[in-house]
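These protein sequence lines map, in sequence, to chains A and B.
Here numbering that gives the first Met the number 0 is used: the first residue of the first sequence is 0, the next is one more, and so on.
Here numbering that gives the first Met the number 0 is used: the first residue of the second sequence is 0, the next is one more, and so on.
Calculated directly from the structure, the hints in this document are not laboratory data.
Backbone N, C-alpha and C define an ideal beta-carbon position, used for all residues, glycine too.
There's no promise every hint is true.
Below are the BS3-like pairs computed for lysine-lysine, each with C-alpha atoms no more than 25 angstroms apart in a straight line [claimed, not checked]:
{"no.": "1", "chain 1": "A", "residue 1": "Lys90", "chain 2": "A", "residue 2": "Lys124"}
{"no.": "2", "chain 1": "A", "residue 1": "Lys124", "chain 2": "B", "residue 2": "Lys453"}
{"no.": "3", "chain 1": "B", "residue 1": "Lys392", "chain 2": "B", "residue 2": "Lys315"}
{"no.": "4", "chain 1": "B", "residue 1": "Lys342", "chain 2": "B", "residue 2": "Lys402"}
{"no.": "5", "chain 1": "A", "residue 1": "Lys124", "chain 2": "B", "residue 2": "Lys69"}
{"no.": "6", "chain 1": "B", "residue 1": "Lys197", "chain 2": "B", "residue 2": "Lys114"}
{"no.": "7", "chain 1": "B", "residue 1": "Lys137", "chain 2": "B", "residue 2": "Lys315"}
{"no.": "8", "chain 1": "B", "residue 1": "Lys69", "chain 2": "B", "residue 2": "Lys50"}
{"no.": "9", "chain 1": "B", "residue 1": "Lys41", "chain 2": "B", "residue 2": "Lys15"}
{"no.": "10", "chain 1": "A", "residue 1": "Lys124", "chain 2": "B", "residue 2": "Lys392"}
{"no.": "11", "chain 1": "B", "residue 1": "Lys479", "chain 2": "A", "residue 2": "Lys90"}
{"no.": "12", "chain 1": "B", "residue 1": "Lys453", "chain 2": "B", "residue 2": "Lys430"}
For the chain B half of the interface with chain A, some residues (derived, Cβ under 7 angstroms), not all of them [said to hold, decoys possible]:
{"no.": "13", "residue": "His43"}
{"no.": "14", "residue": "Phe54"}
{"no.": "15", "residue": "Ser85"}
{"no.": "16", "residue": "Val86"}
{"no.": "17", "residue": "Gly126"}
{"no.": "18", "residue": "Pro184"}
{"no.": "19", "residue": "Pro203"}
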Amino acid sequence: MSDRRLGISARVDEAIRHHGEETYPHECCGALVGRGDAVTDTVALPNTTEEGPRRRFLVRPSDYRLAEQRATELGGELLGFYHSHPDHPAKPSQYDLDHAWPTFAYVIVAVAAGASQAMTVWFLKDDRSIFEEGNLHHGENSHSDPAQTVHG
Amino acid sequence: MAKILIPTPLRPYTDKQDAVDASGATVGELLADLTRRHSGLKAHLFNDQGKLRSFVNVYVNDEDIRYLQKEQTPVTAGDTVSIIPSVAGGVDTVVDERRSDLGRMGEPLTNDEVKRYSRHLIMPEVGVDGQRKLKASKVLCIGAGGLGSPVAMYLAAAGVGTLGIVDFDTVDFSNLQRQILHGTPDVGRSKLASAKDKLHALNPEIDIQTYEVALSSQNAMQLFAPYDVVVDGTDNFPTRYLVNDACVLLGKPNAYGSIFRFEGQASVFATKDGPCYRCLYPEPPPPGLVPSCAEGGVLGVLPGLIGMVQATEAVKLIMGIGEPLIGRFLIYDALRMRFRELKLRKDPDCPVCGTHPTVTKLIDYEQFCGITPAAPEPIPVNHATEITSLELKQRLDRGDRLKIIDVREPNEYQINRIPGSELIPLGDIPKRYGELNPEDELVMQCKSGVRSGKAADFLRSVGFKRVLNLKGGILDWIDKVDPSQPKY
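Bound conformation, chain A alone (with noise of 0.2 angstroms):
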């Protein structure tokens, strides 16, 4: 266990739950953007993976600028990326560890059979071996405004 938290607000929460149970049985994904630990908004981005939505997800590079814009836009940085597991439990894959960055946030949510369900987060240790879960603090968030989404 990291000792990292994230903390998502309600708005938050919903998006990301929203998001996966729009394209499920596809995996949804999209860009976390806030300050410090806690994320403000969510950009949505496209799954442009060809190996298969169902059990993939790629942002490529050109969607990964434009959420780092939307960031500055928003005032805020990139804290990480979320994505849905489509009936799955919420818990990185060895694909996932694989591809993982450091420092960001991944926020996973299992959607089954269409319906959300569990939500995580988890960091990647610094030597790359494996992905620790953070703290998930569904706390009151000082931004007020609601979680933005758009479609890249």
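Guided by the hints, dock chain B onto chain A, whose structure is given.
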């Protein structure tokens, strides 16, 4: 000196700076200098083999270096180099849990193994690590025939730790011209028993697993699951599609090869990002259009060369070295001694490996290839128009006037023939049938009865009334009437 833009997740390794300077004449040199200055970056940018990780994109002034000269892309002062992430992930499906862990390291080498593999070990590209990867690897050969023979022998010699072989045939004299796993004393034995003896003598250090079954949609997934690489040495379309689809579904690379007469083909299919056999051939050819080696023949040395390409690719995939034959289709012409290479792309609409696959489990491949397994004969036969070898012999002995027309090729006619038969190859029948007398009773004959059946149908269609087809062809004649003649 060029400026490198650092993405958010890597800034902790550059003292929080979003742009840093580094020097070098190419992107490769620049990145090397960058990781020297900021050593924490290295593990996140490069994999264990020192290659840029797949999700790390490097742009020089907004151009992806993959479309420039990759890491050799020149950089001049004033250029802006950006590192831009792709973010990828997904679930571990059953498929992924079984996905081969290519490149995992096996047990340390014993002293005997060090001696045996010393010519590998002294090459830095292989070394002890590469040999241990081979030792940990598991390769499944589909078929112990023309292609499977050289593949299995060289992979066994190279030290592939577990070698599986699927075959259910017995060794026949006609195999020996090319299937070098088997020798003259093996004729009549099961190919697997013969293969196991040969391979064990060659390398007792490795584990040889044999599966005496016909590969089918029912057993393929289970058979393939424990293996890292599958080597397709099959000789027919239903099995070829079956091997391809099972490899795609399981995420196992397929080192593919095929041979016919003087031409061979090879490629590596079903890798993570590469195309599969169906991206190249979405549909099988109509049944009967492409002849098999048994019908059309094959140059005996040809499978040696194509099998070696397959074995080479398997070894490279396992060790993670070189440039694999992925997305490239190699065509070899033995007569002209030429190699050609076609570029292959992964088809996003491919029914099995595309974005929205329609084939998500194994299907009935006989049916897919237009072969109906229920039919006992490849061509519907009217029994009233057939004659058996024994009936033919009795009628000839009785002195009936029968004219036997052999529709095989002249080189086949040289090997064996029914005394008194006349040679008119199938392809010549339409222009030469005028030589035949429609009043004669004709017996059409070929090797096994398929071609002569076509010739008989043709003659009937142009008005011949008394045409019989010799059932089972000359092979049956030799079995039942004249065992003194050779078979091929």
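So, going through the hints one by one against the coordinates:
1. A/Lys90 to A/Lys124: 15 angstroms, holds
2. A/Lys124 to B/Lys453: Not satisfied, since the Cα-Cα distance of roughly 70 angstroms exceeds 25 angstroms.
3. B/Lys392 to B/Lys315: Not OK: lysine 392 of chain B and lysine 315 of chain B at ~58 angstroms, beyond 25 angstroms, violated.
4. B/Lys342 to B/Lys402: The given pair, whose Cα atoms are some 53 angstroms apart, is violated under the 25 angstroms limit.
5. A/Lys124 to B/Lys69: The given pair, whose Cα atoms are some 29 angstroms apart, is violated under the 25 angstroms limit.
6. B/Lys197 to B/Lys114: It holds: about 21 angstroms lies between the C-alpha atoms, which stays within 25 angstroms.
7. B/Lys137 to B/Lys315: 13 angstroms, holds
8. B/Lys69 to B/Lys50: 11 angstroms, holds
9. B/Lys41 to B/Lys15: 16 angstroms, holds
10. A/Lys124 to B/Lys392: 83 angstroms, violated
11. B/Lys479 to A/Lys90: At roughly 68 angstroms apart (the allowed maximum being 25 angstroms), lysine 90 of chain A and lysine 479 of chain B break the hint.
12. B/Lys453 to B/Lys430: 15 angstroms, holds
13. His43: Because about 6 angstroms separates histidine 43 of chain B from the closest Cβ in chain A, which is inside the 7 angstroms limit, the hint holds.
14. Phe54: Holds, because the Cβ-Cβ distance from phenylalanine 54 of chain B to chain A comes to roughly 5 angstroms (cut-off 7 angstroms).
15. Ser85: Holds: closest Cβ of chain A sits about 6 angstroms from serine 85 of chain B, inside 7 angstroms.
16. Val86: 4 angstroms, holds
17. Gly126: 23 angstroms, violated
18. Pro184: 48 angstroms, violated
19. Pro203: This interface hint is violated because 35 angstroms lies over the 7 angstroms limit.
In summary, the numbered hints that this structure violates are 2, 3, 4, 5, 10, 11, 17, 18, 19.
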